[in-house]
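Chain by chain, the residues:
Protein chains: 2
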Amino acid sequence: MGCPEEEADLATEVLLSADLRGIDSHGVARLIGYVRLWENNRINATPQIKISHETPSTAVVDGDSGLGLVVAPQAMDLAIQKAQVAGTGWVAVKNSNHFGIAGYHAMKALPHDMIGIAMTNASPLVAPTNSLERLLGTNPIAVAVPAKEQPAFVADFATTTAANGKLEILQRKNQEAPVDWIQDAQGKSSTNPNELKTGGALIPLGGETGSHKGYCLGAVVDIFSAVLSGANYGPWVPPFVSFLPLAANPVGDGIGHFFGAMRIDAFRTAEDFKTHMDNWITTFRNSQAITDESPVLIPGDPERKMTAKRMQEGIPLLEPVVQDLLSLAQRFSLQL
Amino acid sequence: MGCPEEEADLATEVLLSADLRGIDSHGVARLIGYVRLWENNRINATPQIKISHETPSTAVVDGDSGLGLVVAPQAMDLAIQKAQVAGTGWVAVKNSNHFGIAGYHAMKALPHDMIGIAMTNASPLVAPTNSLERLLGTNPIAVAVPAKEQPAFVADFATTTAANGKLEILQRKNQEAPVDWIQDAQGKSSTNPNELKTGGALIPLGGETGSHKGYCLGAVVDIFSAVLSGANYGPWVPPFVSFLPLAANPVGDGIGHFFGAMRIDAFRTAEDFKTHMDNWITTFRNSQAITDESPVLIPGDPERKMTAKRMQEGIPLLEPVVQDLLSLAQRFSLQL
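First to last, the sequence lines map onto chains H and S. When we follow the numbering used here, the leftmost residue of the first sequence carries the number 1, and every step to the right adds one. When we follow the numbering used here, the leftmost residue of the second sequence carries the number 1, and every step to the right adds one.
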């Protein structure tokens with residue numbers, strides 16, 4: 001596509017981190033989608049990423065329509081630099097694209113003894129509580145917290161009950177979805193994973209009596225990522241597939257992200273903090289489980305286990321993904 | 001109790017803000033509970049609140065066992081002051097007590113054209129996903145965002161499907177709870193609102209297929225509020241009722257809070273931001289509702305409506321609350 005080699009390497013690393021962590025929907029399977037967006041002039045392979053505004057602890061970054069996989073790590077690095085000087089750093093990003101998994105970016109803070117935060121808005125697939133209209137994305141939040149002897153606490157979750165990727169898997173397998181995931185075109189609860197193709201929507205986290213809270217969370221992610229930065233929000237967020245048209249009359253530039261880094265020793269010594277995080281983690285992990293088959297987990301445990309497995313055994317790819325990658329190799333005349 | 005008059009006034013304002021907003025469980029009904037904690041030497045009526053550590057954008061505040069109603073507004077003011085200089089301000093608080101409604105504190109940022117954030121940990125009533133043990137509080141998060149012509153966006157929610165106050169109402173009315181609110185002592189889903197008295201627990205936001213996300217959120221609130229500040233976390237958080245004993249071997253001081261203030265113009269002009277917030281709010285509010293009876297709401301709408309009503313009609317108090325207040329008046333020889 002003409003990406004500078006260093007940026008292509010970075011994008012590769014972000015995609016592979018998703019595959020290693022078992023989040024296959026956000027890994028190399030997405031590569032062909034990015035290429036299609038580039039072919040449609042929606043992704044700029046050689047962006048001039050720049051800071052459009054800053055204070056000691058904040059900045060707005062203009063991603064110049066670059067790959068989110070390239071824009072986001074640079075913005076997170078800036079948040080980390082700000083935190084080194086001001087205690088914390090907060091960077092809102094406009095004019096970007098899909099950034100892969102939020103967890104990758106939040107985890108960049110860990111080696112600096114910082115807490116990392118990453119969020120992004122996304123194509124509108126989610127109806128606010130009481131609404132028929134799709135106005136929010138699955139808008140994920142990731143928070144990474146360092147520990148001492150224990151592995152880091154890494155929460156990374158969509159603000160819907162289920163991310164869109166899980167729905168796609170059910171569609172392929174022709175299986176029903178659990179309740180509280182989806183509503184149909186009339187706003188009624190549905191278990192048909194294909195409802196989104198006929199006017200249905202994803203439901204915010206919380207289900208029947210709690211979805212107003214998931215709606216609040218998704219809204220906060222949208223506001224921090226896009227209204228603060230000057231990106232598109234709500235129904236104007238650009239779709240991540242090239243065959244869907246852009247919204248008319250955009251209200252900002254591209255999609256938006258929001259990153260935070262907090263230096264632990266801006267609050268207390270990293271040694272004290274990490275010792276207590278170890279205690280927090282072991283207390284929760286060792287608490288009595290409801291059943292022996294399902295132990296109490298710490299956020300990040302399943303992905304860490306998967307990473308260890310795939311580093312040993314490799315990353316299994318579905319045949320359609322292999323075919324996509326082969327077609328890309330041919331398209332760009334790559335030797336395999 | 002011997003509170004300085006200014007601090008007593010502040011505490012009163014925080015409690016009344018809850019009653020005005022319709023969150024009766026956090027209003028003057030709680031006054032007698034605070035007095036009991038003071039009688040048990042768990043609340044210090046004349047705290048020396050001090051900053052124990054700070055950087056340009058952060059601080060840790062030691063609440064000296066004061067009323068959270070007094071400690072929290074001072075900590076939020078400090079976050080606002082930090083934001084005026086550094087762009088953002090983040091204050092973790094230890095050695096505090098129950099702080100009333102999170103929304104009051106977050107909303108303090110609004111007149112400064114800042115986004116306000118407030119969260120607190122709380123007595124352990126919530127079992128993490130897969131666990132039988134109560135290790136987290138209902139750990140609320142509030143986010144307040146200013147708009148221009150539209151009223152502010154104010155999200156304020158517990159990270160469980162239902163706050164404990166809603167359960168207490170069902171207990172009084174002898175009604176069943178919805179599914180996804182509670183588990184019994186064996187970890188099975190239950191609709192009996194009295195389960196917490198016999199070893200049951202509240203369930204994190206998200207229900208059967210999503211509670212791991214509510215667990216993540218509650219955990220982040222606990223870590224930011226207490227592991228960062230040096231307060232008690234998890235099962236060690238002091239109970240908010242005086243008849244329950246403190247945990248043995250505390251891991252920190254009192255309960256913990258976390259506050260944030262972000263100056264809008266540290267990202268883009270307040271004028272631009274607030275104009276787009278108006279557009280965000282009207283777009284969501286005017287979206288097509290599933291039924292005419294339940295319009296699409298903006299976070300803060302129900303509480304704003306209730307405030308308007310109660311400013312007109314007064315705040316209705318339940319008879320037991322009136323009796324508690326009368327007994328307090330007698331206890332402290334107040335003229336009524």
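Treat the hints with caution; some may be incorrect.
You can't tell identical chains apart in this list, so a pair holds if it fits in one copy or across any two.
[Claimed, not checked] Okay, derived cross-link-like pairs now, DSBU-like style, lysine-lysine, Cα gap no bigger than 30 Å in a straight line:
hint : residue 1 : residue 2
1    : K148      : K173
2    : K173      : K274
3    : K166      : K188
4    : K188      : K108
5    : K166      : K108
6    : K274      : K197
7    : K197      : K50
If you are wondering where the hints come from, they were derived from the structure by calculation, not from laboratory data. A quick note: this is a predicted structure, and the numbers were derived from the prediction, not measured.
Here is what the structure says about each hint:
1. K148 with K173: Intra 42 Å, inter 48 Å, cutoff 30 Å: neither.
2. K173 with K274: For K173 and K274, neither the intra-copy (43 Å) nor the inter-copy (45 Å) Cα distance is at most 30 Å.
3. K166 with K188: both (20 Å within a copy, 25 Å between copies)
4. K188 with K108: neither (41 Å within a copy, 38 Å between copies)
5. K166 with K108: So K166 and K108 pass the 30 Å test inside one copy only (26 Å; across, 40 Å).
6. K274 with K197: Classified as neither; 47 Å inside a copy, 34 Å across copies.
7. K197 with K50: neither (38 Å within a copy, 57 Å between copies)
The structure shown violates the earlier hints numbered 1, 2, 4, 6, 7.
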